[in-house]
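Trainee: With the hints as your guide, set chain B onto chain A.
Chains as they are written, first to last, in the numbering used here: chain A, 3 to 391; chain B, -17 to 166.
Simulated from the structure, these hints should not be mistaken for lab results. Being a predicted model, the structure only gives us computed values, none of them experimental. Where a beta carbon is used, it is the ideal one built from N, C-alpha and C, also for glycine. One should not assume that every hint holds.
Residues on chain B that point at chain A, a partial pick, calculated with CB under 8 Å [what the hints assert, rightly or not]:
hint	residue
1	I21
2	L41
3	Q44
4	F45
5	A48
6	A55
7	G56
8	A57
9	V60
10	L63
11	F64
12	M67
13	L123
14	V124
Cross-link-like lysine-lysine pairs, in silico, DSS-like; alpha carbons within 27 Å at most [to be verified]:
hint	chain 1	residue 1	chain 2	residue 2
15	A	K67	A	K11
16	A	K11	B	K120
17	A	K337	B	K158
18	A	K150	A	K11
19	A	K63	A	K77
20	A	K11	A	K35
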Amino acid sequence: MDLTILSTKGIIILVVFGITLLIAMYSTYAERKVAAFLQDRIGPNRAGPWGLLQPVADAGKMFFKEDFIPSQASKWLFILGPCLAILTALMSSAVIPFGDTIRFSWDSKNYEVAVQAIEINIGVLYIFGVVSLGVYGIMVGGWASNNKFSLLGAIRAASQNISYEIALGLSLIAILMMTGSLSLRAIIDEQASFFEWNVFTQPLGFIIFLTCAFAECNRTPFDLPECETELVGGYHTEYSSMKLGFYLFAEYINMFVSSAFISALYFGGFHYPFMDLVSGALENSLGAVAGHNVATLIGVVVFFGKIFFFIFFFMWVRWTLPRFRYDQLMNLGWKTFIPLSILNVVITGAGLLFNFKYSTWLIAIVMIVLAVMSSARAPKRTVVPQQTV
Amino acid sequence: MTETITFFKTLTPTGYLFLALTALTLLSAISVVTARNPIYSVLGLIATFFCLSGHYILLNAQFLAAVNIIVYAGAIMVLFLFTIMFLNLRKEDEESKTNLTKMASVVVGGILMVMLITIFRAKSAQVPVVNATTFDAKTGLVENLGNLLYSDYILPFELASVLFLVAMVGAVMLGKREAGDRHF
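Same shape as in the complex, but just chain A (with noise of 0.2 Å):
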C-alpha cells in the first residue's frame, strides 16, 4: 500500500481512538448533568467552569484509589475481566464511516481517503462479532470475584445479552436485504435521500434494533447485571479503583458505539436533507478539492450531531423508565421480539419481490390498529373507594 496513505489512515486511526475515549469520558459528565436537568437539580459544577474538569478528577480519584483484589478471587482472570471489557468496547468503533472522503495532493499525486478507520466489506458482522465478545469481560470479572452478587450478575449479563442478540441479528437481516451488503459504507450510501432512511423504511426494524441496543449495552431499563436493589453492585462488585473505571468507561464506549451504529443503519449516516445542492454549491464556490473537503466536514459533523442525540436519548430513558423485571426482560426478547422481527424480514422480502420498499408499514398499523382494539374491549377499570373502618 502507498505510504502515505497509510499514514493518513494512521492519523484516522488515532483521532478516531481519541474522539472515542473523549466522548466516553464527557459522557460520564454529560450524564450527570442530564440527570441533575430531569432531577431539577444543577449537577456537578464545582471542577472548573460548569463543573467541565469534573471528568478529569473523577480520573483521578480512580487512579488514585486503592487497587484492591479479594484473597479468594483468581487473580488473573480478576485482572482480565476489566481488560476484555474495555479492549471490545474500543474494538468496535474501527469500522464505522464518520464521513465520505477528504481529497488531497501530496508529492504531486492525488489522493482520496475515506474518513473511516477501515473499510470492510463485512463491516456489520465485524461490529456484532465484537459486541458479542463484549460479555465476556463481565462474565470472567463477574466469576473471578469469588462473590455470589457478582456472579449472578454476571450470568445475569451473559443471559440477557445471548437473549437479546438474536433479536438485534434479525431486525439487521432486514436492512442487509434493502441494501444487499454487509458493509456500513455500502449501508449509509443506500440512505442517500432522506425519504429513504432506513428509520422510514423499517420502522419495525429500527424499535427493535433500539430496545435491543439498550439490553445489550446494559442500559436501564434493562441495567439488571448492575441492579443495586438485588444484587449489590452486580458483576463489579468487588472492583475498585480503575479496574472499576473501566467497566464503567467500557459502557459509555458501548453506548457511543450503538448511538454511532444506529445513526449509521438507520439515520442516514453522514447524509442530511439537500446535502447535494450544499455540496454542489460549496464546490462551485471553493473548487472541487477545497468544496469536497468542506462538504465532507459537514456531514462529519452531521453524523457526530446524530451520535448526541442518540447518547442524550440513551440517558434520558435511563433517568425516566424504571426497570424490567427478568421475567418480564427475557418474555419481551423472546416472546415479542423474536417473532416481531422474523415476521419484519418476511414482510421485507415479499416488499423487495414486488419492488415496494416501505412494506413494513403494514406490519406497525396493523399493530397500531390492534393495539387500539384491545384498548378499546378491555374491561373499564373504575375506581372503588376504599373502604373506611
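Mentor: Showing chain B alone in chain A's frame:
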C-alpha cells in the same frame, strides 16, 4: 541449522504471521487440555477459536472468520462458560478422571491423529496449488460464498437448515415443563 535460517529468510510477512498464529493456536489448544480448572479450559478454547479466525483471514475468508467469532466464540462459548460457572462452583470434579477414561481418551485421540496424518500424507499431492497470477482476490468473500451456497450447494445447505430446525424443535420439546414439574 543453516537450512532453518535460510527457510526463515525466504518467508514473506504473511509466512511469519502464519507461523506466529500457528504457535499461538497450538499453545491455546494445549492449554484447553492441560488446564486444571474448567473455566481456564473454556477460555483457552475461546482463544483457540480466535486464532482459527485469524487463519481464516489469512486464507482470504473474511466472512467465515467473522461468523466463526460470532457463532462459536460469541454465542456457543458463552453458553459453555455459563453452564460451567453454574456447575463448578465448589471443588474440582476429579471423579471423571479415572485411569480408564484417561486410557480411552489417549486411544481415541491417537487413532484420530494417525488418521489425519495418513489422509494428509496421501492427499497432500492432490491439493491444487493456487496460481498467484490467475487467483481471484474475491474468492473467499461473502458474495461468492453466497452465490455458491445458493447455486451449487443448495441441497446440502437446505438439508443442514432442516437439521438445525429439527434440533431446535427437539431442544424445545426437551426443555418444556410438563404439568406437575416443579419450577427448578
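Trainee: Using 8 Å as the Cβ threshold, decide whether M67/B counts as touching chain A.
Mentor: Because about 5 Å separates M67/B from the closest Cβ in chain A, which is inside the 8 Å limit, the hint holds.
Trainee: Using the nearest Cβ pair, does F64/B come within less than 8 Å of chain A?
Mentor: Interface hint status for F64/B: holds (5 Å vs cutoff 8 Å).
Trainee: Please verify that hint: L63/B, Cβ, nearest Cβ of chain A, below 8 Å or not.
Mentor: OK, holds: L63/B within 8 Å of chain A, min 6 Å.
Trainee: Are K150/A and K11/A close enough, with their CA atoms no more than 27 Å apart?
Mentor: Violated, at about 46 Å.
Trainee: Per the CB criterion, is F45/B less than 8 Å away from chain A?
Mentor: Because about 6 Å separates F45/B from the closest Cβ in chain A, which is inside the 8 Å limit, the hint holds.
Trainee: Against chain A, run the beta carbon of V60/B and see if the smallest gap drops under 8 Å.
Mentor: Where the cut-off is 8 Å and the nearest Cβ of chain A is about 6 Å from V60/B, the hint holds.
Trainee: Holds or violated: L41/B as interface residue toward chain A, Cβ cutoff 8 Å?
Mentor: violated (15 Å)
Trainee: Would the stated hint for Q44/B survive a check requiring a Cβ distance to chain A of less than 8 Å?
Mentor: Hint on Q44/B: holds, closest Cβ of chain A at ~5 Å, below 8 Å.
Trainee: Quick check on L123/B please, does its C-beta sit within 8 Å of some C-beta on chain A?
Mentor: holds (6 Å)
Trainee: Taking only the CA atoms, is the gap from K11/A to K120/B under or equal to 27 Å?
Mentor: The given pair, whose Cα atoms are some 23 Å apart, holds under the 27 Å limit.
Trainee: Would you mind confirming whether the straight-line C-alpha gap from K11/A to K35/A stays at or under 27 Å?
Mentor: Violated. K11/A to K35/A sits at ~35 Å, over the 27 Å cutoff.
Trainee: Grab the minimum C-beta distance from A55/B to chain A and call the hint holds if it beats 8 Å, violated otherwise.
Mentor: Check passed: Cβ of A55/B comes within 6 Å of chain A, closer than 8 Å.
Checked against the numbered hints above, the structure violates hints 2, 15, 18, 20; every other hint is satisfied.
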